[in-house]
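Residue numbers (the numbering used here), protein chains in the order written: chain X, 126 to 200; chain A, 126 to 200; chain P, 2 to 156; chain V, 2 to 156.
Calculated from the structure, these hints are not laboratory results.
A couple of the hints might just be wrong.
[To be verified] Estimated spans, in silico, between C-beta atoms of each pair: (1) V:120 <-> A:163: 50 to 58 Å; (2) X:196 <-> V:120: 18 to 26 Å; (3) V:25 <-> P:87: 17 to 25 Å; (4) X:144 <-> P:90: 42 to 50 Å; (5) P:88 <-> X:160: 19 to 27 Å; (6) P:101 <-> V:38: 16 to 24 Å; (7) A:188 <-> V:71: 17 to 25 Å.
[Stated by the list, open to error] Within a straight-line C-alpha distance of at most 20 Å, the following computed SDA-like cross-link-like pairs (lysine to any residue) qualify: (8) A:177 <-> V:79; (9) P:134 <-> X:150; (10) V:142 <-> A:177; (11) V:134 <-> V:100.
Note that CB positions come from ideal geometry on N, CA and C, so glycine has one too.
Here's the letter readout for the chains.
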Amino acid sequence: MITVLFFGKLAEIAGAKAELQAVASTDELLEQLRLQYPALAAEKYIVAVDKKTITGNTSLTDHCTVALLPPFSGG
Amino acid sequence: MITVLFFGKLAEIAGAKAELQAVASTDELLEQLRLQYPALAAEKYIVAVDKKTITGNTSLTDHCTVALLPPFSGG
Amino acid sequence: MDATTTNRIMERKPKNIFTQGAIDPAFIAESIAKHSTKTDIGGHSIFLGQVRADVIDDKKVAAIEYTAYEELALEKMHIIREEIFSKYELTCMHVHHSLGKVAAGEICLFVFTSSAHRRAAIDACNEVVERIKTELPVWGKELFEDETHQWKVNR
Amino acid sequence: MDATTTNRIMERKPKNIFTQGAIDPAFIAESIAKHSTKTDIGGHSIFLGQVRADVIDDKKVAAIEYTAYEELALEKMHIIREEIFSKYELTCMHVHHSLGKVAAGEICLFVFTSSAHRRAAIDACNEVVERIKTELPVWGKELFEDETHQWKVNR
Chain X
126 MITVLFFGKL
136 AEIAGAKAEL
146 QAVASTDELL
156 EQLRLQYPAL
166 AAEKYIVAVD
176 KKTITGNTSL
186 TDHCTVALLP
196 PFSGG
Chain A
126 MITVLFFGKL
136 AEIAGAKAEL
146 QAVASTDELL
156 EQLRLQYPAL
166 AAEKYIVAVD
176 KKTITGNTSL
186 TDHCTVALLP
196 PFSGG
Chain P
2 MDATTTNRIM
12 ERKPKNIFTQ
22 GAIDPAFIAE
32 SIAKHSTKTD
42 IGGHSIFLGQ
52 VRADVIDDKK
62 VAAIEYTAYE
72 ELALEKMHII
82 REEIFSKYEL
92 TCMHVHHSLG
102 KVAAGEICLF
112 VFTSSAHRRA
122 AIDACNEVVE
132 RIKTELPVWG
142 KELFEDETHQ
152 WKVNR
Chain V
2 MDATTTNRIM
12 ERKPKNIFTQ
22 GAIDPAFIAE
32 SIAKHSTKTD
42 IGGHSIFLGQ
52 VRADVIDDKK
62 VAAIEYTAYE
72 ELALEKMHII
82 REEIFSKYEL
92 TCMHVHHSLG
102 KVAAGEICLF
112 VFTSSAHRRA
122 AIDACNEVVE
132 RIKTELPVWG
142 KELFEDETHQ
152 WKVNR
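Let's have the full structure, built from the sequences with the hints guiding it.
Next comes the structure, spelled out in structure tokens:
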């Protein structure tokens, strides 16, 4: 099972947390999410797998945590 | 009468304040002070007449205040 | 950063920087007062972020509500801290960031650096503030007086 | 500065910046808290000078005793203030400098600038600190623990 965390505006669209079964890569995961939450397509975000930001497609194993991070606005 | 103010280390040499009669210019005043306080010769300072710093010889009138200011070390 | 440094960082537990709600000026005073025993310090530099009551389309910001990906933010802050300490001759550095609601006029960020000579504290403080704004996964939701909101964007 | 600006400056009475003895952290907290009503402020920059217990020839500095040519210092500070306000978009600026004895570990200088966006407050604070150190007729006498002294030199 893969845990997905949504932050900032993305959590308004998809909720704070989702759990997905049997997704092999981040590309596959993002495709599933966009199908489920079409509003995600208009948003800017980066992706972190197990707290490491990734730049390309990344394979996922069971128990991974994937986070979708919109532009930061702290301070 | 001319009032002379000494600050910082200079006040240790000459006291905080002196009053001099009949000095026509800052050059004349400084010469008198160096005679009276030979230790002044070794010190670095700038001179202000009536709260304006001067760079060359300046004529003095009665009731002028002349201040001898060693390098600043506030903060 | 070499592997040894990375290992050393990962071994130590990251310090918490998050605090619920606004940062109290009295807490800032206590922080300052605690440094009076460190008599090798000559200068402190402090940056405080305060929530602005911006007016956007005739609506006024009443508060900002902060959320964060806390574990990632603390790990990132820990790395920033180590990098700042290796770059500047600091005596100490403290960072506090609000989570949850902070009303307009209240303090949401407190960065505090100290050094023997002022330059290091001032430069380090500036750099830490910039890095916090661009590198920490923290989000501000601007709450308007009419209970609508918009997501803050950092410049 | 043109003649009109000079006249305007000279008409207003310079604000006092001097305070007897050390600056209390509680006073700093009060200063910060007072700004919560100014909801157009987004950032505060603070610099604090703290007296260092430097060791010189095996003798430790116990305190610094500050004296100033007060009238000239206040006039000069007033001009610095006007120049800083015309150069940076500041909401406000406060400066406090100690006179008399300040023990090692205590605060002797407090510079506090505020602005809508952080850059102005930070840059103004830096510039004010530098100008205070080089332009204000203030002198520090470093008092050693054995009651001898030497005159401080600013770098």
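Results for each hint:
no., hint, verdict
1, V:120 <-> A:163: 50 to 58 Å, "holds, 52 Å"
2, X:196 <-> V:120: 18 to 26 Å, "holds, 20 Å"
3, V:25 <-> P:87: 17 to 25 Å, "violated, 34 Å"
4, X:144 <-> P:90: 42 to 50 Å, "holds, 48 Å"
5, P:88 <-> X:160: 19 to 27 Å, "violated, 46 Å"
6, P:101 <-> V:38: 16 to 24 Å, "holds, 22 Å"
7, A:188 <-> V:71: 17 to 25 Å, "holds, 20 Å"
8, A:177 <-> V:79, "holds, 15 Å"
9, P:134 <-> X:150, "violated, 30 Å"
10, V:142 <-> A:177, "violated, 24 Å"
11, V:134 <-> V:100, "holds, 14 Å"
Going through the hint list in order, the structure does not satisfy hints 3, 5, 9, 10.
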